[in-house]
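Starting from the known structure of chain A, fit chain B onto it as the hints suggest.
There are 2 protein chains.
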Amino acid sequence: MTKPSILLFRYVPSDMDIIAIRDIVASTGFFNEEEIDIAVELVEERLARGEKSGYYFVFAQTPDGRVAGYACYGPISGTKSSFDLYWIAVHNDERGKGLGPAIMEKAEKAMADMGAVQVYAETSSRAQYKPTRSFYEKQGYVQTALMEDFYDEGDGKVVYVKKLR
Amino acid sequence: MTKPSILLFRYVPSDMDIIAIRDIVASTGFFNEEEIDIAVELVEERLARGEKSGYYFVFAQTPDGRVAGYACYGPISGTKSSFDLYWIAVHNDERGKGLGPAIMEKAEKAMADMGAVQVYAETSSRAQYKPTRSFYEKQGYVQTALMEDFYDEGDGKVVYVKKLR
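Chains A and B supply the protein sequences, listed in that same order.
Each residue of the first sequence is one higher than the last, beginning at 1 in our numbering.
Each residue of the second sequence is one higher than the last, beginning at 1 in our numbering.
Next comes chain A alone, as it looks inside the complex:
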């Protein structure tokens, strides 16, 4: 595992990130067209409505300005201090450098600063998502729910939670 090169973390999205996010999410090979569109819609919504959208971002940028990975998160409305980690993804070309944990750390720090006590993350129960589930587990996330057949027959939703304090 190569150490990540010097990374710049950025929290304010720009129009350029619409393309960057589509590119990153598609490069992982984990998401279908509909899911990629949803990922892109979140940043579009943020650009259109600002913080009122409820979507917050952290982008990991390489020294030459490319976005290598990002996370999208925000408070869950109707809750006092629960946050949702909507997306965390690293470009396929940048995998294996520890970027995922580095982005996660920045996202959690930002959420904690916003008052988050617990963070939820959802993923699929399918075998294909084993690496995703292992990633969350290594980052201290604990499974709190399994809803069978949620996404489709044989494709359940796994919900993880991490207490930040």
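Take the hints with a grain of salt, since some may be wrong.
Straight-line alpha carbon distances no greater than 27 angstroms define the calculated DSS-like cross-link-like pairs of lysine-lysine that follow [stated by the list, open to error]:
{"id": "1", "chain 1": "B", "residue 1": "K130", "chain 2": "A", "residue 2": "K80"}
{"id": "2", "chain 1": "A", "residue 1": "K162", "chain 2": "A", "residue 2": "K130"}
{"id": "3", "chain 1": "A", "residue 1": "K80", "chain 2": "A", "residue 2": "K52"}
{"id": "4", "chain 1": "B", "residue 1": "K97", "chain 2": "A", "residue 2": "K52"}
{"id": "5", "chain 1": "A", "residue 1": "K109", "chain 2": "A", "residue 2": "K163"}
{"id": "6", "chain 1": "A", "residue 1": "K130", "chain 2": "B", "residue 2": "K80"}
{"id": "7", "chain 1": "A", "residue 1": "K138", "chain 2": "A", "residue 2": "K162"}
{"id": "8", "chain 1": "B", "residue 1": "K130", "chain 2": "B", "residue 2": "K52"}
{"id": "9", "chain 1": "A", "residue 1": "K130", "chain 2": "A", "residue 2": "K97"}
Quick caveat, the hints were computed from the structure, so don't treat them as lab data.
This is chain B only, laid out in the frame that chain A set:
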């Protein structure tokens, strides 16, 4: 328990329902200001964006035109055939007449017609919501998840599911 008087079920929302929904949800005494606003926003969103909003409704109307109760539901995006029952509420003046089960039946029929295989409903784990949980259980909903402290400390989220076929 008095039998419900002749009820008319209506599926197309109108501007008048904005007031009706606020009135019904507030009358139950179960929801705070923020939650009432969320209930109202769903019908506003539907009126503004049509079916693209993803919010569908069934209204139970008395012969004199008052809305006695309603349900709001819709497909969960990213899933093949899972639906969310966002709200089901009966005006406090109309309780004890079997309206809840009658509205539920119509909502489930409408969801099944739209391809729903399973319906999810969420509520609070607090003692105050025991009647709500009992209502879902009587209607054949089964608890599939309990996320502790989700809404607030000591206020968990209970997720129910019902298979429609």
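Cross-check of the supplied hints:
1. B/K130 - A/K80: Distance of about 21 angstroms is within 27 angstroms: holds.
2. A/K162 - A/K130: holds (18 angstroms)
3. A/K80 - A/K52: This hinted pair holds, its Cα atoms lying about 17 angstroms apart.
4. B/K97 - A/K52: violated (41 angstroms)
5. A/K109 - A/K163: Distance of about 12 angstroms is within 27 angstroms: holds.
6. A/K130 - B/K80: holds (21 angstroms)
7. A/K138 - A/K162: holds (11 angstroms)
8. B/K130 - B/K52: violated (34 angstroms)
9. A/K130 - A/K97: Between A/K130 and A/K97 the Cα gap is close to 19 angstroms, so the pair holds against 27 angstroms.
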